[in-house]
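Model the full assembly from the supplied sequences, consistent with the hints where possible.
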Amino acid sequence: MFSPLSDFHHEFKSSPPLDELPRIMPFFFVPPLENKPQNPIMENLKLEQLNTNLLPRRYIQQRPPLPEELVSLALEDNRVRTEENSFKRVEELWKGAATRKLGVKNGLLSWDRLRKTHFSGASPTPFLSEQGNLVCTSVRYYLQPRLYNPTDNTIHLTQKELLLNLKMIVLGISSQYHVWEPHAEQFIQFGGSGSDGTQKRDFMLIHGNDEVVSDSFIKGFLKIGTLLRRLEIFLSTLRTRSSKEGPTIHSLAHSLSTTLDYLREVLARCQPSNDQIKTNNKDFPLLTIWSHYAIYEELLDALSDLYGRSYQSSPKDYPMLDLDAIPLISHIYEHVNLHFERQSPSIVRATLSFLLTITSQEYLQEVARSIGFGGQLPESRLKSARKLNEKYTFELDDDDNDEQEDIFDLLDKIETSFPAFFPQKVLNILPASQKSLVLLQIAKPGHLLLKISTKASTVRWFWSTKEILAIWDGHSLLQTPIIHPSSAFSTSPSPPTPLKTGIPDFGIFDLEPGSTASSNPSIQVKNESFMLLSSFIQNFPENLPPIVPTLSELTSLVFRDLTEHAATLSSSLLSLIIDEPGNLNFRSHLIILRSYLLIAAPSFKSRLLNALFSAAGEYEMGSSTAHSMSIRRRSGKTSKGGKQPWAVGLSPNLLERETWPPVGGDLSFFLRTVIVDSLDKGMEREDGKVERERVVEEAEWRLGFAIRDLPTGSSRDKWLDPLCIEALDFLYIDYKPPHLMEILISPGILSKYQRMFTFILRLFRVESALKSLFRMSTHRNIANSLFPTLSQSRKLLLHFRFVSQAFVSSLSGYVFDTAIGGNFDPFLALLSGRGAGTNYANDADPAPKYTGFSDVFELAQRHSALLDDILSACLLRSGQRGVGDLLRHCLELVLEFTIVVGELHRGRIEEYQAAPMIEELFRKFCTKMTTFTKVLKGLVDKSPSASSLPFTSHVHSNHGPTGGLEALHHLLVCIDLTSWWSNHSKRQQQS
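Quick note on UniProt numbering: the sequence shown kicks off at 1 and runs consecutively.
The hints are simulated quantities; they were obtained by calculation from the structure and are not laboratory data.
Don't take each hint at face value.
Pairs of lysine-lysine residues, derived as BS3-like cross-links and limited to a Cα-Cα distance of at most 25 Å, are as follows [as the list claims (entries may be wrong)]:
hint, residue 1, residue 2
1, Lys934, Lys924
2, Lys771, Lys605
3, Lys942, Lys928
4, Lys795, Lys924
5, Lys718, Lys928
6, Lys736, Lys718
7, Lys928, Lys771
8, Lys451, Lys466
9, Lys771, Lys718
10, Lys167, Lys316
11, Lys681, Lys605
12, Lys924, Lys771
13, Lys223, Lys160
14, Lys278, Lys316
15, Lys924, Lys937
16, Lys219, Lys167
17, Lys244, Lys160
18, Lys278, Lys219
19, Lys167, Lys282
20, Lys219, Lys316
21, Lys244, Lys167
22, Lys752, Lys605
23, Lys444, Lys752
Written as structure tokens, this is what we have:
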């Protein structure tokens, strides 16, 4: 019996050992070049000469006979039967191929020519890849045969079967060969998984095409269907969102639904139709078919990228899309702008612009309503504003601050964040305009801007060139209604049956049951999504007009009317506060603040000096009064034997009590009439009545002195000692502006006024002390009591008095004339009327355009900056603590000098005791002044506006404001005009 295994074993044994195998030698040999100079040209000439002398090839070797199959391809069938397979036929084959004319017969020789259906006409190209589908497929299959794999799922289809299948897939519908896989959210080939659970590779072969062409063609349709189906799933999730999340989400769902309806319609209309596929027996050109769908694939790619549903992403990798109005609209705008920059096809840019238009429509209308643009006002806010207005109108007790909190709460509720694509000018003006509308409604509910009906104007996107040019030329466009889902029902024709109720809208209920669709087709549900988006795409320009070449320029044009209305609204409130008389006149409030909190009114200043200070050169308080002369601090430290020093400069009436600060009714008694008596009495009219500004009338109860508790502890209780310069820091003036004016006169701004008030009181204390020193140190008193025997000490006293007086008077003049007047007067001049800072275009303009301020909130910022400049000019800012402490120490030394002289004048110390004290104080004063001048000069030199010009007054002049740090040059000129303090240290070294 034959055994293959035994034979194989025998053959294996008979083979030679591995060591005896012959060596593998190379099949070619390259002779080495001769070791001599090479001459390629001569070698080629010799080789060419040898080739010319060779015999023709037909004499060298006879051609082998052709195989029968090749003979059948090259020669006619009848000649194949009659003639023998001789060498003559081979020569005839090549001669015929050489002499054959183009366009007569196909010269390509392949096995495909054996079929009867082969086209024998001449081919326009000799390349196999450019032949017919069957030829190219046969060659590719022969050269690259596909290995057989039992797990492959291969389906062979004709073009008709495949196209009918793809017409369903492209609409997102499962077909006979592809089904939707919900977990992966994509279409897969039917039967893709084996019975044993193994995953199969899917192949679909089109008749006459290989795997590469078939896969490339089918892949595009599967991608379109998958993206369309994914967007439908995303749309279903949008429709489940709550209505409380705002209208933007539902606008997004409506726009996406409209887009998908349009895509289904255009994809269903793409050639070839189902009828053409069924009736046509010939093959369709695949490239021509795909050309109809390629643009929609690009559109779906853009849409899927917009919503984070790209074809390459799996459901678990979908990014979380923020569906809040502002980030959502900004996200859509960024994609639209991206495709404008890429110059994407017009249909892609138009569809994305349509999505932006529909999605942002409600939000833009809300933004317009927030500033009363388009004849609509935010009712919820205005109801609160009216309620606040009623509270303010009937409010009599200003101690209740509930209303104050209400107005600020109302302004805080206003949205101040907007999409990033809003023009910067709009972002700057919108928040202020929204707040201005609320304030204007409170201040003047009957204002003209709140009654103007501009319903024809609104904010909307426009894309056609005609609309863009019209808006650019200043023409207003009527709002074109955007079709919503609720408008899909057409009710224009009236039902034919008579109306029993007399109301046309209820006429449909008079119809018989079931007769709606047949009797009145006009009220059937109509889907106008296709026509809506199709019309939008047709009117969309290929390129934006040259006047708005980019999307950002178009956006600025879209918001132009809104920006103008916002500016008008802000200017209207600004005009109401600046120009109109009443308790909201800001300039009148500024005059009150300057007159009292900055102590600029002469009448108030004189009364305040009489109430709090004393310039008398004698100690006026006697020990026999009802109240003891001794002063005791609140801390409980009592005076020893009633020998307290004389608090020079303070009014003796404040020192009658034994406590400091003076509490109870004493301080109120001395201050209660200071403000009222110094107010403007007004002007007498012809009828004898006195007329005063309303702000001045209300100042009687809006202004008032108050006491505050300051911190105590180590080095923080100087305000408890009347001998210190901080003795009156507990006293301040409180001002209660009207509620709307709290925007311009906020608590933070009032605190800056009060810091200046405290500084001015310290300055007044030192000035009053110096005036007392001059009265104490007259010639008669000098001879009698002040250093009668110490002439050098008397000279030092006079010199110290002169230097101190020059420094304090220069500082006082600088504070009131330069720091306060140089900054405050230009600011008041800017608010003085039409001539300063305003620009009236015409009389019909409801609000002037103030060149100095854009809105009341900028005016409030300028007001705060004004106080900052004044504080900086007086070295009272927190960043100027070092140099400010030097200035305070200089004033403290002057005050201590007057107290020592006062004690010497009273005879409480001897002249030999006072002399070294005055010498020490003078030495410290010179050191501090030298350091202060040096530091001040350094600040002036570092200032970018450093000037060497002498001091010039800005009061009643056309110069600009002095500024903050810029004013320090004037202070340096005032206290060290001749560089006396700068050279003081040099003089000491020389002496």
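Verification of the hints:
1. Lys934 - Lys924: Holds. Lys934 to Lys924 sits at ~15 Å (cutoff 25 Å).
2. Lys771 - Lys605: Measuring from Cα to Cα gives roughly 16 Å; hence the hint holds.
3. Lys942 - Lys928: Holds. Lys942 to Lys928 sits at ~21 Å (cutoff 25 Å).
4. Lys795 - Lys924: Since the Cα atoms of Lys795 and Lys924 sit roughly 17 Å apart, the hinted pair holds (cutoff 25 Å).
5. Lys718 - Lys928: 20 Å, holds
6. Lys736 - Lys718: Violated, at about 29 Å.
7. Lys928 - Lys771: 22 Å, holds
8. Lys451 - Lys466: Between Lys451 and Lys466 the Cα gap is close to 32 Å, so the pair fails against 25 Å, i.e. violated.
9. Lys771 - Lys718: Holds, at about 23 Å.
10. Lys167 - Lys316: 29 Å, violated
11. Lys681 - Lys605: Measuring from Cα to Cα gives roughly 17 Å; hence the hint holds.
12. Lys924 - Lys771: 22 Å, holds
13. Lys223 - Lys160: This hinted pair holds, its Cα atoms lying about 20 Å apart.
14. Lys278 - Lys316: 41 Å, violated
15. Lys924 - Lys937: 20 Å, holds
16. Lys219 - Lys167: Roughly 13 Å between the alpha carbons, so the hint for Lys219 and Lys167 holds.
17. Lys244 - Lys160: The hint is violated at about 51 Å.
18. Lys278 - Lys219: 23 Å, holds
19. Lys167 - Lys282: Satisfied, since the Cα-Cα distance of roughly 18 Å is no more than 25 Å.
20. Lys219 - Lys316: 22 Å, holds
21. Lys244 - Lys167: 40 Å, violated
22. Lys752 - Lys605: 19 Å, holds
23. Lys444 - Lys752: 30 Å, violated
The structure shown violates the earlier hints numbered 6, 8, 10, 14, 17, 21, 23.
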